[in-house]
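Protein chains: 2
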Amino acid sequence: MYELYYWPEIQGRGEFVRLALEAADLPYRDVAREPGGTARLLALMRESERGTLPFAPPFLKQGDLVIAQTATILCYLGRQHGLAPSDETGFLRAQQLQLTLADFLQEIHDTHHPIGSGLYYEEQQAEARRRTAGFLAERAPRYLGYFERVLERAGDSGFLCGSRWSYADLSLFQVLAGLRYAFPQAMRHLEPRFPRIVALHAHIAALPRLRRYLESDRRIAFNESGIFRHYPELDRPRA
Amino acid sequence: MYELYYWPEIQGRGEFVRLALEAADLPYRDVAREPGGTARLLALMRESERGTLPFAPPFLKQGDLVIAQTATILCYLGRQHGLAPSDETGFLRAQQLQLTLADFLQEIHDTHHPIGSGLYYEEQQAEARRRTAGFLAERAPRYLGYFERVLERAGDSGFLCGSRWSYADLSLFQVLAGLRYAFPQAMRHLEPRFPRIVALHAHIAALPRLRRYLESDRRIAFNESGIFRHYPELDRPRA
Chain A
1 MYELYYWPEI QGRGEFVRLA LEAADLPYRD VAREPGGTAR LLALMRESER GTLPFAPPFL
61 KQGDLVIAQT ATILCYLGRQ HGLAPSDETG FLRAQQLQLT LADFLQEIHD THHPIGSGLY
121 YEEQQAEARR RTAGFLAERA PRYLGYFERV LERAGDSGFL CGSRWSYADL SLFQVLAGLR
181 YAFPQAMRHL EPRFPRIVAL HAHIAALPRL RRYLESDRRI AFNESGIFRH YPELDRPRA
Chain B
1001 MYELYYWPEI QGRGEFVRLA LEAADLPYRD VAREPGGTAR LLALMRESER GTLPFAPPFL
1061 KQGDLVIAQT ATILCYLGRQ HGLAPSDETG FLRAQQLQLT LADFLQEIHD THHPIGSGLY
1121 YEEQQAEARR RTAGFLAERA PRYLGYFERV LERAGDSGFL CGSRWSYADL SLFQVLAGLR
1181 YAFPQAMRHL EPRFPRIVAL HAHIAALPRL RRYLESDRRI AFNESGIFRH YPELDRPRA
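If you read the protein sequences in the order shown, they are chains A and B. Going by the working numbering, the letters in the first sequence line up with residues 1 to 239, in that order. Going by the working numbering, the letters in the second sequence line up with residues 1001 to 1239, in that order.
Calculated from the structure, these hints are not laboratory results. Quick reminder that beta carbons are idealized off the backbone N, C-alpha and C, glycines included. Possibly wrong hints are sitting among the right ones.
Unchecked claim - Across the chosen pairs, the derived CB separations fall in these ranges:
1. R40/A x R1050/B: 40 to 50 Å
2. S1163/B x S86/A: 22 to 32 Å
3. D1217/B x D64/A: 28 to 38 Å
4. D64/A x S1117/B: 34 to 44 Å
5. R1219/B x R212/A: 53 to 63 Å
6. P195/A x A1221/B: 40 to 50 Å
7. E47/A x A1202/B: 26 to 36 Å
8. R1193/B x E152/A: 34 to 44 Å
What the hints assert, rightly or not - If you want the footprint, here are the derived chain A segments under chain B, 3+ residues with CB under 8 Å:
9. 129 to 140
10. 144 to 153
What the hints assert, rightly or not - Here are some chain A residues the structure puts well away from chain B; computed CB gaps all over 12 Å:
11. W7
12. D25
13. I67
14. A71
15. R93
16. D110
17. A126
18. R164
19. H189
20. P195
21. H230
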């Protein structure tokens, strides 16, 4: 039984782990969402500050093993449960795609927090407008274009690496879902250029286990405390 | 023989790969720094834009295998050449530390580019001042404090994971070297709080292979096109 430790009120980076656990039907406890769980998360955060645990959640715990960093957790789950190709090239490829998605995610986060994660959005709103304009005009199309071409070259499988979905496909699903939530107007303009990503998103959303998860109350709704935030003033279609 | 493809005029992310190759005495070509090499790098970038290669350099090539994302390259070199613990827990730990250093590095980069990597520093200087103030007051001490505590708990070995240096130690060396270059005044105030990181830096710099590399012209000097940039107006000791 895995134990996931992550902030209980946002999808955040923990969601990439939840999606893998759910899609692979792996039993897990979402500890901080259980009664009294926030106290357990905070206790773990104090251990983290003392250096006995990694830098920041999500943490995945299994017995004495504690893993952090989303991509490392997914790498581990991928190897344990076949959620990525098992040959060396495929293993590296999945990890590399995941780290590129992590870079993309950080840029998405920084659209609303360009000056500092310790400040409120309202304290950096002017800068956020400027950063988001460049993000929607250049960075988002560049990343999406890259993943679209990876899917194009993958051919009929429709997945990023290998002949079935991997944790990287689940993560790309989540990124598109989040972008649609955060920037509905801008994405309406952008999406037609990336039909393979749109098709992958639909395919992942329709996986029976994922569909059940997404419809359940285990799936936290997107909100303005997470990575993907809908601030209408930032959501402008590209001129 | 490995082939490294990276921008020829900066240390950048490629330097983390160079340090591993040099410290492990692995033969490699730094392709873009050879005569005509920039054209070869640009050709690879076009392949990358067509989706036949990963998103961005550094690329490490060995025969038909092309690996990108610094942490993935280091993970590969680590497994092939014993540059990280080989047991599963140690393998995951090295990767997790590396990804935390990658997060730190991104925040260091964004001190001078908070609004967009496509804009010049001069176009975002006011925002850079604001972001850097928060970085030096909060983020840098938080990351450095974490790595200091990891070293403290490692005890006598003096390394981040395992009983000898790993690629993560080489990377922490590089991050401290870069911070000293970028923020000499601020680091003079900060460093006394992190004696174990300072000692690790000195130890790595004195490894015979590394010392020869650092004194050679293979080591590109820090400069204001790289990740670590010295802009005196940003370098303020914490109040």
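Quiz prompt | Hints the structure fails to honour | solution = 3, 8, 13, 14, 15, 16 and 17
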